[in-house]
Amino acid sequence: MNAVGGNGGNLGRGNVPLGLRFLLIAIVSGSLMLLDHREEHLSRIRQAFSVIVYPIQAAVDLPFSGWRLASRALTDQSALLEENERLKSDRLRVDVRLQRLAALEAENDRLRAMLDSSARVNDRVLGVQILAVDLDPYRQRFTIDRGLNDGVYVGQALLDANGVVGQIVRVELFTSEAVLISDADHAIPVSVNRNGLRTIVVGTGDSTRLRLPYLTNSADIEKGDLLVSSGLGGVFPSGYPVGRVLEVLRRPGQAFAEVIAEPAAQLDRDREVLLVWTAEDEVEGRTSASVAEAP
Amino acid sequence: MRDSRRTRHLLVISLVSALALAIVPLPDAVAPYRPDWVALVLIFWGLMAPERIGLLTAFAMGLALDTLNGALLGQHALAMVTVVYLSVRFHLRIRVFPIWQLSVCVVFLLCLYEFILFWIDGVAGRTVPTIERWAPVVSGALVWPFILVYLASVRRDTQTRV
Numbered sequence: 001m002n003a004v005g006g007n008g009g010n011l012g013r014g015n016v017p018l019g020l021r022f023l024l025i026a027i028v029s030g031s032l033m034l035l036d037h038r039e040e041h042l043s044r045i046r047q048a049f050s051v052i053v054y055p056i057q058a059a060v061d062l063p064f065s066g067w068r069l070a071s072r073a074l075t076d077q078s079a080l081l082e083e084n085e086r087l088k089s090d091r092l093r094v095d096v097r098l099q100r101l102a103a104l105e106a107e108n109d110r111l112r113a114m115l116d117s118s119a120r121v122n123d124r125v126l127g128v129q130i131l132a133v134d135l136d137p138y139r140q141r142f143t144i145d146r147g148l149n150d151g152v153y154v155g156q157a158l159l160d161a162n163g164v165v166g167q168i169v170r171v172e173l174f175t176s177e178a179v180l181i182s183d184a185d186h187a188i189p190v191s192v193n194r195n196g197l198r199t200i201v202v203g204t205g206d207s208t209r210l211r212l213p214y215l216t217n218s219a220d221i222e223k224g225d226l227l228v229s230s231g232l233g234g235v236f237p238s239g240y241p242v243g244r245v246l247e248v249l250r251r252p253g254q255a256f257a258e259v260i261a262e263p264a265a266q267l268d269r270d271r272e273v274l275l276v277w278t279a280e281d282e283v284e285g286r287t288s289a290s291v292a293e294a295p
Numbered sequence: 001m002r003d004s005r006r007t008r009h010l011l012v013i014s015l016v017s018a019l020a021l022a023i024v025p026l027p028d029a030v031a032p033y034r035p036d037w038v039a040l041v042l043i044f045w046g047l048m049a050p051e052r053i054g055l056l057t058a059f060a061m062g063l064a065l066d067t068l069n070g071a072l073l074g075q076h077a078l079a080m081v082t083v084v085y086l087s088v089r090f091h092l093r094i095r096v097f098p099i100w101q102l103s104v105c106v107v108f109l110l111c112l113y114e115f116i117l118f119w120i121d122g123v124a125g126r127t128v129p130t131i132e133r134w135a136p137v138v139s140g141a142l143v144w145p146f147i148l149v150y151l152a153s154v155r156r157d158t159q160t161r162v
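Protein chains in written order, with the working numbering: chain A, 1 to 295; chain B, 1 to 162.
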């Protein structure tokens, strides 16, 4: 190894000594963190940075999305035919259920009209891809490929075919960051489908487990109960499955029961999720034109 | 000055690849063991060519990592600047060490790096597991010799004066 020529201790730029420069930059980072922690002060700056680093995200995602494309192009005909058959039979089954649903929905609307309460409006959804990039391994977060340009907003709910996945916590220009309902810092208001009991489901940091910490020992909850989003709190649309109760531990000495649930959505396996614009958002006109109407 | 330009290319390429490696998806089981690639590469350049990277480079890389990671803006930046400052400040003493002593110093720097991240998470009130926090230090110590040997050899190819 060669020694660095010339300017020994004071490496470089101008006359400011290294220690002082370190101190200045440390102070700048500290104040950045303070501002960022108080939310929203830095969203512009963050958006600018995210545009700069977007090529790296896209480059990392490229082999994965390329592989998806290639495998789609190279599937052989028999597999496609088989899949087609399966999808057709699936669709028939779903159609049959949907016929009943249409009748029920009409009946529901009539009853609601009789009760003078507002009719339910269909939520609008948009399918989005999860980018193949990892975020902080200690938190349950992921990045999706839509952002400000597509009308995504903070607090927007994400679903998959089976239930609630999470919500948007940060929106950049081309991408957005979402948090799963299983994140340790996340909570979602739910009601028990069987009896309408309202409570809150909290994440555990494990994508296969959820916790219901606020149920008393006498609460009417059983193993196998379906938990659906209650719509209280105004973030998640009401009526989507969140999870199913796995076990209920009632300890006589303690005021609260220990209830564990399993998420309905496939939190650790999804590559595609649905963004939801709820009916209230439509009224506020927060949507963009590119949103597909839900069937 | 063709050689120095090639070294600069190597510097830029290594930093960008480190950023990409920092977000490449890994299976859940090994994700906590992802080494701090950016910190390792910056420590290498801080020790071996401190005239080429400044604290501002470290700051910018830290901010890029914060943005990619969705972390608090400035969290990785502060940790990165601290570690690079120490490696640049003491590069003359550290890099004459034999390789195992050099590695001990790098492990110490990685510990400091993780500690700063951990500390900021704690102050900001985010929940993080404490044991898994130190996994990147272990994996970082394991990959450091390879980074050292590889980058040093590539760099030697480009430099006539070593």
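Honestly, I wouldn't trust all of these hints.
As the list claims (entries may be wrong) - Negatives, chain A to chain B, calculated, CB over 12 angstroms: (1) His41; (2) Arg72; (3) Ser89; (4) Leu98; (5) Leu115; (6) Tyr153; (7) Asn193; (8) Asn195; (9) Glu272.
Unchecked claim - Stretches of chain A that chain B covers, calculated by requiring three or more beta carbons in the stretch to come under 8 angstroms of a beta carbon on chain B: (10) 43-50; (11) 138-144; (12) 228-236; (13) 255-268.
Stated by the list, open to error - Pulled a few chain B residues facing chain A out of the computed Cβ check, cut under 8 angstroms: (14) Leu15; (15) Leu112; (16) Arg126.
I should point out that these hints are in silico values taken from the structure, not numbers from a laboratory. Ideal Cβ positions, reconstructed from N, Cα and C, are used throughout, including at glycine.
(message) Hint compliance check: list the failing hint numbers for this structure, sorted ascending.
(response) Violated hints: 1, 12, 13, 14, 15; rest satisfied.
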